[in-house]
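**Student:** Residue numbers (the working numbering), protein chains in the order written: chain A, 1 to 114; chain B, 1001 to 1109.
A couple of the hints might just be wrong.
Unchecked claim - The calculated lysine-lysine pairs, modelled on DSS-like cross-linking and capped at a C-alpha distance of 30 Å, are:
1. A:41 - A:66
2. A:64 - A:14
3. B:1071 - A:41
4. B:1071 - A:20
5. A:14 - B:1042
To be verified - Distance windows between CB atoms, simulated:
6. A:16 - B:1062: 45 to 53 Å
7. B:1012 - A:114: 32 to 40 Å
8. A:3 - B:1070: 43 to 51 Å
9. A:72 - B:1078: 42 to 50 Å
10. B:1058 - A:16: 51 to 59 Å
11. A:16 - B:1069: 26 to 34 Å
12. B:1056 - A:3: 35 to 43 Å
13. B:1071 - A:61: 26 to 34 Å
14. A:82 - B:1015: 27 to 35 Å
As the list claims (entries may be wrong) - Reference excerpt, derived from the structure (chain B facing chain A, CB under 7 Å, subset only):
15. 1057
16. 1099
17. 1101
18. 1107
19. 1109
These are calculated hints, taken from the structure and not from any lab test.
Here the structure is a predicted model, which is why all the values come from computation and not from measurement.
Cβ coordinates follow ideal geometry from the N, Cα and C atoms, glycine included.
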Amino acid sequence: GAVVSQHPSWVICKSGTSVKIECRSLDFQATTMFWYRQFPKQSLMLMATSNEGSKATYEQGVEKDKFLINHASLTLSTLTVTSAHPEDSSFYICSAARTGSEAFFGQGTRLTVV
Amino acid sequence: GENVEQHPSTLSVQEGDSAVIKCTYSDSASNYFPWYKQELGKGPQLIIDIRSNVGEKKDQRIAVTLNKTAKHFSLHITETQPEDSAVYFCAASPEQLTFGSGTQLTVLP
């Protein structure tokens, strides 16, 4: 199957700092990548959709100035949480779409803001 | 937009028994229905998927059925094993995935 690598798997940062999360499709080119947020015992909440070379499309209620997404190539997308606060602590997951609607997920990043 | 409902939210079965998880969707334009398994602290893993031109698909102990008329699809796991214990998500997609709320499956040894 297709492999999507997400890094780091966990990160602890101080309140007010920024954190960058990387998502790479290792063995295929992903025209579209997605970023999700997941709270404990809940489903995945789509934050934004990014297409290579263009601006990300954010879901309603997601602050685009706080969650910066860059999709610089067909194999790499990054999510930067700017000026992080404790309420941003969550599990962030990326996925990359291969063909049609097939999507493969990274292993997730546990962000803790202290 | 698409709305996906998933039931049950929790399911406990004895090892060796079968487990069935059901989902309904609202958008008749949805044509792709994947199922994901998520273990604690990990990202979802695609375990099986089905497209709208197929009614049933099977992969070893896992099968998925789709009823387009009724707009529902189901995951069937036979001969369950303790390692099947996880959260399972269904999803439906006309263009991008909409997820169900998840089912916590526990297989009791």
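**Student:** Could you say whether the range 27 to 35 Å given as a hint is met by the Cβ separation of residue 82 of chain A and residue 1015 of chain B?
**Tutor:** 47 Å, violated
**Student:** Checking one constraint from the list: CA of residue 14 of chain A to CA of residue 1042 of chain B, max 30 Å. Satisfied?
**Tutor:** Holds, at about 24 Å.
**Student:** Per the hint of 32 to 40 Å, is the separation of the Cβ atoms of residue 1012 of chain B and residue 114 of chain A within bounds?
**Tutor:** Holds, at about 36 Å.
**Student:** Does residue 1107 of chain B pass the interface check with chain A, least Cβ-Cβ distance below 7 Å?
**Tutor:** 19 Å, violated
**Student:** So if I understand the rule, the pair passes when the alpha-carbon distance is 30 Å or less; does residue 41 of chain A with residue 66 of chain A pass?
**Tutor:** Roughly 24 Å between the alpha carbons, so the hint for residue 41 of chain A and residue 66 of chain A holds.
**Student:** With the threshold set at 30 Å, check whether the alpha-carbon distance from residue 1071 of chain B to residue 20 of chain A stays at or below it.
**Tutor:** This hinted pair is violated, its Cα atoms lying about 40 Å apart.
**Student:** Taking 7 Å as the limit, does the beta-carbon of residue 1057 of chain B come near enough to a beta-carbon in chain A?
**Tutor:** Where the cut-off is 7 Å and the nearest Cβ of chain A is about 14 Å from residue 1057 of chain B, the hint is violated.
**Student:** Does residue 1099 of chain B pass the interface check with chain A, least Cβ-Cβ distance below 7 Å?
**Tutor:** Since the shortest Cβ distance to chain A is 5 Å, the answer is holds.
**Student:** Could you check if residue 1101 of chain B really has its C-beta closer than 7 Å to a C-beta on chain A?
**Tutor:** 5 Å, holds
**Student:** Check whether the Cα positions of residue 64 of chain A and residue 14 of chain A lie no farther apart than 30 Å.
**Tutor:** 21 Å, holds
**Student:** Within 26 to 34 Å or not, the Cβ separation of residue 1071 of chain B and residue 61 of chain A?
**Tutor:** 27 Å, holds
**Student:** Given a hinted range of 42 to 50 Å, is it respected by the beta-carbon distance of residue 72 of chain A and residue 1078 of chain B?
**Tutor:** Roughly 44 Å apart at Cβ, these two residues keep to the hinted range, so it holds.
Figure legend: structure checked against the earlier numbered hints; hints not met, in rising order: 4, 8, 11, 12, 14, 15, 18, 19.
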